[in-house]
Amino acid sequence: DQQVKQNSPSLSVQEGRISILNCDYTNSMFDYFLWYKKYPAEGPTFLISISSIKDKNEDGRFTVFLNKSAKHLSLHIVPSQPGDSAVYFCAAIADFYNTDKLIFGTGTRLQVFP
Amino acid sequence: DGGITQSPKYLFRKEGQNVTLSCEQNLNHDAMYWYRQDPGQGLRLIYYSQIVNDFQKGDIAEGYSVSREKKESFPLTVTSAQKNPTAFYLCASSIQYRGNTEAFFGQGTRLTVV
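The listed protein sequences correspond, in order, to chains A and B.
The first sequence begins at 1 in the working numbering and counts up one residue at a time.
The second sequence begins at 115 in the working numbering and counts up one residue at a time.
In short, the hints are calculated from the structure, not lab data.
Hints may contain errors.
Quick list of in silico lysine-lysine cross-link-like pairs, DSS-like style, CA-CA up to 25 Å [unchecked claim]:
(1) K54(A) x K5(A)
(2) K5(A) x K171(B)
(3) K37(A) x K123(B)
Partial list, computed: chain B residues near chain A (C-beta under 8 Å) [said to hold, decoys possible]:
(4) G154
(5) Q155
(6) I174
(7) E216
(8) G222
We treat Cβ as the ideally placed atom computed from N, Cα and C, and that holds for glycine.
Using the sequences plus the hints, can you model the full thing?
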């Protein structure tokens, strides 16, 4: 039962354009969402997060949008750069058993070409 | 400088042998986690620990065991009971309070069982 879904396994975008990565979730108890970026053979690194009390959070070129009614969030990267080429994981947290257990999506591989 | 360290980066073992993956952090984080990454399946939680001497099973704990005798260390043993142990293993840690819950990941250990 995949509670966090990233339905696009890959995305290809031209340098300078906008990259939009999507994430859907099924559990309404999730109240905090994060995006991680992962290069091959490395651990993921935290990128940006959003609490369920907000609908937008911006950090430089990265913006995350949350639509609670649709149980959908998206990560926008503007402008996209070749160094952004990586796998992006969406993750969600619910206060199950009073612990911050992260539940990850399957990832979307972003390729930014010149 | 602070961080989370996994060792070794690559590990080869014969089928039927137990193997222990090391994870150490000097971030003073309470919570630690082990994830497994397989192609097309994202990150799946194996075990997690909120405090010393306490740990809980994640989604795919069968065939694995952990210990948390020290705050800094959370080793994972892949036992011979794990049917498909070849994978990329990631350890993570996080501060155990809400509002600052992004996890920090190690560089990963790629285990190959032959």
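Going through the hints against the structure:
1. K54(A) x K5(A): Distance of about 21 Å is within 25 Å: holds.
2. K5(A) x K171(B): holds, 22 Å
3. K37(A) x K123(B): Holds. K37(A) to K123(B) sits at ~19 Å (cutoff 25 Å).
4. G154: Result: holds, 7 Å to nearest chain A Cβ.
5. Q155: holds, 6 Å
6. I174: For I174(B), the interface hint is violated, since the closest Cβ of chain A sits about 12 Å away, which is over 8 Å.
7. E216: holds, 4 Å
8. G222: holds, 5 Å
Comparing the model with each earlier hint shows a violation of hint 6 alone; every other hint is respected.
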